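Undergrad: Residue numbers (our numbering), protein chains in the order written: chain A, 12 to 322; chain B, 49 to 352.
These aren't lab readings, by the way, just hints derived from the structure by calculation.
Careful: at least some of the hints might be erroneous.
[Said to hold, decoys possible] In silico DSSO-like links for lysine-lysine, alpha-carbon gap of 30 Å or less:
| hint | chain 1 | residue 1 | chain 2 | residue 2 |
| --- | --- | --- | --- | --- |
| 1 | A | Lys134 | B | Lys150 |
| 2 | B | Lys178 | B | Lys201 |
| 3 | B | Lys178 | B | Lys150 |
| 4 | B | Lys218 | B | Lys201 |
| 5 | A | Lys232 | B | Lys150 |
| 6 | B | Lys146 | A | Lys134 |
| 7 | A | Lys232 | B | Lys201 |
| 8 | B | Lys218 | A | Lys232 |
None of these values were measured; they are calculated from a predicted model.
Letter by letter, the chains look like this.
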Amino acid sequence: MRRLVFVSFLQLVGTLFIVSTLVFFILRVLPGDPARAVLGMQANEQSVQRFRQEFGLDRPVVIQYTEWISGLVRFDFGRSFSNRQPVAPVLGQRLGLTLFLAVGGMICALLLALPMGVAAARKPWGRFDTLAMGVSHGLMAFPEFWIGMVGILLFSVQLKLFPLFGTGFGIHLVLPVLALGLNRAPILFRTLRGGLIQESSRSYALFFRGSGVPERRLFWKYLLRNQLPSVSAVAAIQFGYLLGGAIIIEQVFALPGLGRLLMSAILSRDLPVIQAGVILAALAFTLVGFATDIITHASTSQGMTRGKPNG
Amino acid sequence: MARPDPALWCSNVHVRFPDGSHPVRGVSLRVYPGQVFALIGESGAGKTLLCRALYGLQRFIPGMEVMGTIGGAAEKAMIFQDPGQFLNPGLSIEGHFKEFLKLSPRPSLTMEQLLRYVGLPENREFSRKKPRLLSGGQQQRVMIALSLALEPKVLFADEAVTALDGLTRKTVIELLRQLCQDFGLGIIFVTHDLHVADSLADWVGVMYAGRIVELQSAENLFTQPLHPYTKGLFRSHPGPEHRNSPLIELPGRMPPPDHEDGGCPFFDRCPERMAVCKQHLPEMKELSRGVSVSCHRVFQDRGY
Ligand code: SF4
């Protein structure tokens with residue numbers, strides 16, 4: 012396990028280094044002048060020059076790169092071109108909302124998928140299972156932004172149950188979280204259902220049932236518990252997708268998260284913000300992968316580490 | 049002295065599946081408290097399914113339909129051939145006991161007592177282990193102890209010692225015998241190994257193609273087998289020096305579980321067959337107290 016953590020940490024650092032290098036140089040070779048994009052085409056040569064000097068854009072690219080990398084090590088992402096504020100605090104603020112959406116979406120997906128998976132697996136191809144499989148099939152076909160838009164039309168415009176907009180962490184976040192959750196629940200539901208059906212046909216389940224362990228208890232306490240590692244591994248991968256989905260859903264619901272910040276940064280060629288945003292996304296995905304590896308490792312080595320068989 | 053009520057009895061039990069297979073056909077038997085009833089025969093004879101039907105496992109086996117009458121004690125427990133498969137891999141030994149002790153209405157024994165009884169260590173280091181860290185013999189002992197936690201009156205042991213090596217097998221057999229005496233359990237013991245049956249059983253039912261074809265006390269059966277199939281089994285069975293080798297098959301094959309009822313199912317393989325055997329299925333007749341057989345040749349020789 013210690014080795015796994017060490018290797019994963021090295022991988023994390025390596026990935027972040029490669030991503031930051033790539034994003035830095037790709038942004039530098041793209042056509043267009045960031046100074047002009049920020050100041051406007053009408054800006055005079057003097058102010059453009061001043062801007063370049065202020066942000067070091069007039070220096071050789073290699074020097075800019077070394078400064079950027081050494082800043083990163085100190086968690087200094089530079090200053091935003093557009094408002095001249097340090098990037099890190101703004102990013103932190105925006106990240107909060109995006110994480111809230113992703114975590115909320117995951118909780119919502121789990122709350123739907125766990126009881127439904129157990130109920131469906133108890134009677135495979137029974138009435139509930141057939142219905143749930145049909146619904147999950149349907150939900151998987153629709154992207155989260157579509158579900159979000161239908162949600163807005165139905166619950167905000169028609170039924171007026173939820174406000175269209177809002178600030179902070181309020182009731183206006185219910186619909187986007189639901190849209191994300193509904194989009195991810197089918198994968199979790201199907202993984203759990205399939206795993207539980209397989210688990211339920213194992214010999215120990217027959218021994219437990221035959222000895223009188225009630226079906227509900229067998230499912231919730233034993234079959235589900237044995238399936239949790241594989242469901243958690245899938246959930247960890249899904250969390251990566253949820254982060255991506257949250258960035259998209261922010262556009263649909265006009266929420267000030269990381270996605271909106273990045274969109275406006277890309278449009279205004281605010282390079283430090285774009286670079287920091289991409290690194291943050293890479294960090295999130297690598298951490299999710301890291302978590303998946305650890306969960307899988309823990310589940311496969313379960314019971315293997317303490318002692319060895321004896322006669 | 050009057051005989052006690054059977055711990056388990058059944059009359060005319062059939063097992064069917066929707067695909068037309070009919071692996072158990074009209075079995076009747078009795079198991080008395082404190083005695084071991086062994087079901088022997090080749091694999092595919094219907095022993096395991098009969099056991100599962102008598103236990104009541106058909107509720108959990110898709111498509112399995114059981115007909116006939118089954119009576120006796122409601123407190124039953126079952127142990128299986130491959131205990132490693134039948135213990136929950138994610139649950140410690142202690143976890144298993146916690147669950148099983150809860151299933152008994154008034155548990156009179158603790159986990160430590162049960163572990164000690166079956167000859168396993170009672171310490172925490174052992175009880176915290178996951179099943180896969182135990183040897184086959186230990187797993188089977190855990191399974192026996194778990195079954196005892198249910199305080200059964202009847203214990204079903206389905207090929208429970210088949211997968212164990214010689215010495216472990218012997219000790220587990222001794223343990224089962226001990227159980228019979230100490231707890232007054234009736235044990236139904238399924239095996240294809242005649243030596244195991246010989247060393248453990250009080251009564252033996254020989255199964256062939258879904259039916260019991262001979263039923264006798266173990267003592268009589270092993271000295272004076274009556275049915276040609278039983279005699280064939282004994283002839284083809286390796287001696288004690290090969291007790292770990294599998295049973296040598298009799299020439300020919302047992303009819304499949306979906307065969308049509310007609311004459312004697314053993315007809316094609318029987319060295320003693322007669323014309324009547326091809327047409328008429330021999331019924332099970334009690335020749336004397338505790339001796340039942342279904343064979344036209346035996347009936348003819350004994351004037352039935
Ligand atoms: S009934 Fe006939 S064929 Fe069947 S075992 Fe007896 S002698 Fe053989």
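Undergrad: Would you mind marking each hint as holding or not holding in the structure?
TA: Taking the hints in turn, this is what the structure says about them:
no. : hint                : result
1   : A:Lys134 / B:Lys150 : holds (26 Å)
2   : B:Lys178 / B:Lys201 : holds (28 Å)
3   : B:Lys178 / B:Lys150 : holds (20 Å)
4   : B:Lys218 / B:Lys201 : holds (23 Å)
5   : A:Lys232 / B:Lys150 : holds (14 Å)
6   : B:Lys146 / A:Lys134 : holds (27 Å)
7   : A:Lys232 / B:Lys201 : holds (28 Å)
8   : B:Lys218 / A:Lys232 : violated (36 Å)
In the structure shown, a violation is registered for the earlier hint numbered 8 alone.
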